[in-house]
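Protein chains in written order, with our numbering: chain A, 1 to 113; chain Z, 114 to 223.
Don't read these hints as lab results, they were simulated from the structure.
Using N, Cα and C, we set each Cβ at its ideal position, and we do this for glycine too.
There may be inaccurate statements among the hints.
What the hints assert, rightly or not - Derived, one-sided and incomplete: chain A residues facing chain Z with beta-carbon distance under 7 Å:
1. L43
2. F90
3. Y100
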Amino acid sequence: DTAVSQTPKYLVTQMGNDKSIKCEQNLGHDTMYWYKQDSKKFLKIMFSYNNKELIINETVPNRFSPKSPDKAHLNLHINSLELGDSAVYFCASSQVPVSYEQYFGPGTRLTVT
Amino acid sequence: DAKTTQPTSMDCAEGRAANLPCNHSTISGNEYVYWYRQIHSQGPQYIIHGLKNNETNEMASLIITEDRKSSTLILPHATLRDTAVYYCIVRNTGGFKTIFGAGTRLFVKA
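Isolated chain A (complex conformation):
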């Protein structure tokens, strides 16, 4: 019973392509997040949605667009992929916004060639 799941786990694609990463949580949480972990292992928040509404939008290129069809899903679409987008992307969820107790998914390793 996976609490927070992401697909795909690995994604290899070429520059310029458009790709999506999907995230689902079965914890009944109201808030979901997207994080990016770079090669130096620094983990930075990108977006957060609460009840399908965007509440956090950090400084990320507008090529990245999150979409939340319902409270249990938060997908990340990336247009015109660049080499610098290569990273591990983590989805997370929490019961309430800005909660300390977040549950993370297994991550999606994106490699742009």
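Go by the hints and put chain Z onto chain A.
This is chain Z only, laid out in the frame that chain A set:
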């Protein structure tokens, strides 16, 4: 959010207590200390958090100094599965800009 400083890596023998320090000398009065860990190829996992008092749960204990400028995460009986990178984060509940830094890589050895 206050800046934290952690050692790059630490070793611990299996079955012994692992004590992971964290310095946060610029912490302000409304900021909590949180600990997460990340086991290789997995997502971060919340461990524990505290404000002033020492805290304990099923995973670990958190000891915060009286001046709150430093804290120690204690894994009482480390196992091989505790090998991970441990992140100390200081933040208040009002804001949200969780940035996990480099953390401490803990190696638990048999």
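For this session: Would you settle whether the hint for F90(A) is holds or violated, based on the nearest Cβ-Cβ distance to chain Z being less than 7 Å?
Result: The hint holds - F90(A) has a Cβ within 7 Å of chain Z, the shortest such distance being about 5 Å.
Exercise. With 7 Å as the cut and Cβ atoms as the points, is L43(A) at the interface with chain Z?
Worked result: 4 Å, holds
Problem set entry | Hint validity - Y100(A) Cβ closer than 7 Å to any chain Z Cβ | The hint holds - Y100(A) has a Cβ within 7 Å of chain Z, the shortest such distance being about 5 Å.
In summary, the structure agrees with every hint in the numbered list given earlier.
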